[in-house]
Amino acid sequence: MSEQKPKRKVSVLSGKGGTGKTFVSVNLFAVMTDALYVDTDIEEPNGFFYFDIEDAESEDVTIFVPKLNEKKCDGTQACVNACKFNAMAFIDDELMIFDDLCHSCGACIYACPNDALSKKYISVGEIKETRNNPRIMWGEMKPGKESGVPIVERLNEKIKTSGESLAIVDSPPGIGCAVIEAMRDTDYAILVAEPSLFGLHNMKMTIKLLDYLDVSYGILINKYTDEDNPVSDYAKQEKLPVIAKIPYDRTIAKMNAQGIIVADVDKKIRQIFVDLSETIREELTL
Amino acid sequence: MIIAVPIEKSTRKSFLSQSFARASYFGVYDSENETFHVLDNPYAKGQSGVGVKAVELLRNHDVNHVIAYRIGTKAKQVIDAANITVSNPIDGSCIENIETFLEDKQ
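Here the protein sequences come in this chain order: P and L.
Going by numbering that gives the first Met the number 0, the residue at position 279 of the first sequence is 278; the numbering climbs one at a time, nothing skipped.
Going by numbering that gives the first Met the number 0, the residue at position 103 of the second sequence is 102; the numbering climbs one at a time, nothing skipped.
Derived by calculation from the structure, the hints in this document are not laboratory data.
As the structure is a prediction and not an experimental result, all values here were calculated from the model.
Just so you know, not all the hints are guaranteed correct.
A few chain P residues that don't get close to chain L, going by computed Cβ distances all over 10 Å [stated by the list, open to error]: (1) 42; (2) 84; (3) 86; (4) 88; (5) 157.
List of simulated lysine-lysine pairs, DSS-like, C-alpha gap at most 27 Å [unchecked claim]: (6) 75(L) x 144(P); (7) 159(P) x 141(P); (8) 75(L) x 83(P); (9) 144(P) x 44(L).
Here are the simulated distance ranges between beta carbons [unchecked claim]: (10) 89(L) x 52(P): 50 to 60 Å; (11) 14(L) x 204(P): 29 to 39 Å; (12) 99(L) x 232(P): 54 to 64 Å; (13) 119(P) x 14(L): 42 to 52 Å; (14) 85(L) x 121(P): 24 to 34 Å; (15) 118(P) x 17(L): 34 to 44 Å.
Idealized CB from N, CA, C, for every residue including glycine.
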């Protein structure tokens, strides 16, 4: 039996979309070739655009919702009262179940004195995974579904059983439920921020979340210029670590928009990510 | 006929709430007995499924018509299941809306 290597998870997040999470994730992945890249932005995964992928395998992600056996129901409404998510209503002697509002807690099934409810499994999305290099996983939520959290949970399980000792996790935007799930078991976070007032506001929200979750982090300033900016000022004032700066440069943006991993073609950018990868290995004691 | 109107203040002269399920109160008028009363909406600040529960509340008060600006898709499903009819408001207070609706009906 081979010795199990310690697992490490580095997560890339930001308070808002369009800050550069995926840009940072794929470029870091380009210089950390032993890693697994996981795109958990299940509402709009686009990290896989950067790679030629031929061998991705799909896996359905399902959740359970309650299913009624009408013959057994005698209208106690115990299920309706047990549901904390208002996913059920009892109208004119008939039970209505709203799958979209259900959080799969099972309280209704447990509460029913007549065993009139059982589990029904419905698909909320899928996970895709490459078998060979580059090793990538991503999740995709079905249109119209309310929550992608179960898909991120499944990605987390798959990270645990993957062969790689390091996972680079590209988080969804914001600080909502899916982000919190993506942060689970994170050893170190890269907080991508834009050097603007908006950027500072979003960074502060994200810092609150990371402090709450007790995750250590470093700030990466994207689209950086030498001009004074509120993000640098704040980091200095609060003594927060700025671990990398990506210069503001239209050619970088243009290449990135064409799906080119800039670190593969630009020496200066590559060096920034090599330095960043070393900082991360130190933080993770790899 | 029992008519419900989502309102912001707990008076018959209150203007209508822009939101149906997140209204602070419902003005409820019984056209047979010509009585008006105000229902607190306990779901006004709920997280999810408030539309579903608001309709359930109204149904439990035997409401069979609602005057409201917009009703969410899930609330609409429950409204349909409960055979509650819906009409669009006019500019005016809760009671003006109820009176106009009843006049138009005649």
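Verification of the supplied hints:
no.: 1; hint: 42; verdict: holds, 18 Å
no.: 2; hint: 84; verdict: violated, 6 Å
no.: 3; hint: 86; verdict: violated, 6 Å
no.: 4; hint: 88; verdict: violated, 4 Å
no.: 5; hint: 157; verdict: holds, 28 Å
no.: 6; hint: 75(L) x 144(P); verdict: holds, 18 Å
no.: 7; hint: 159(P) x 141(P); verdict: holds, 24 Å
no.: 8; hint: 75(L) x 83(P); verdict: holds, 21 Å
no.: 9; hint: 144(P) x 44(L); verdict: holds, 23 Å
no.: 10; hint: 89(L) x 52(P): 50 to 60 Å; verdict: holds, 58 Å
no.: 11; hint: 14(L) x 204(P): 29 to 39 Å; verdict: holds, 35 Å
no.: 12; hint: 99(L) x 232(P): 54 to 64 Å; verdict: holds, 58 Å
no.: 13; hint: 119(P) x 14(L): 42 to 52 Å; verdict: holds, 43 Å
no.: 14; hint: 85(L) x 121(P): 24 to 34 Å; verdict: holds, 29 Å
no.: 15; hint: 118(P) x 17(L): 34 to 44 Å; verdict: holds, 39 Å
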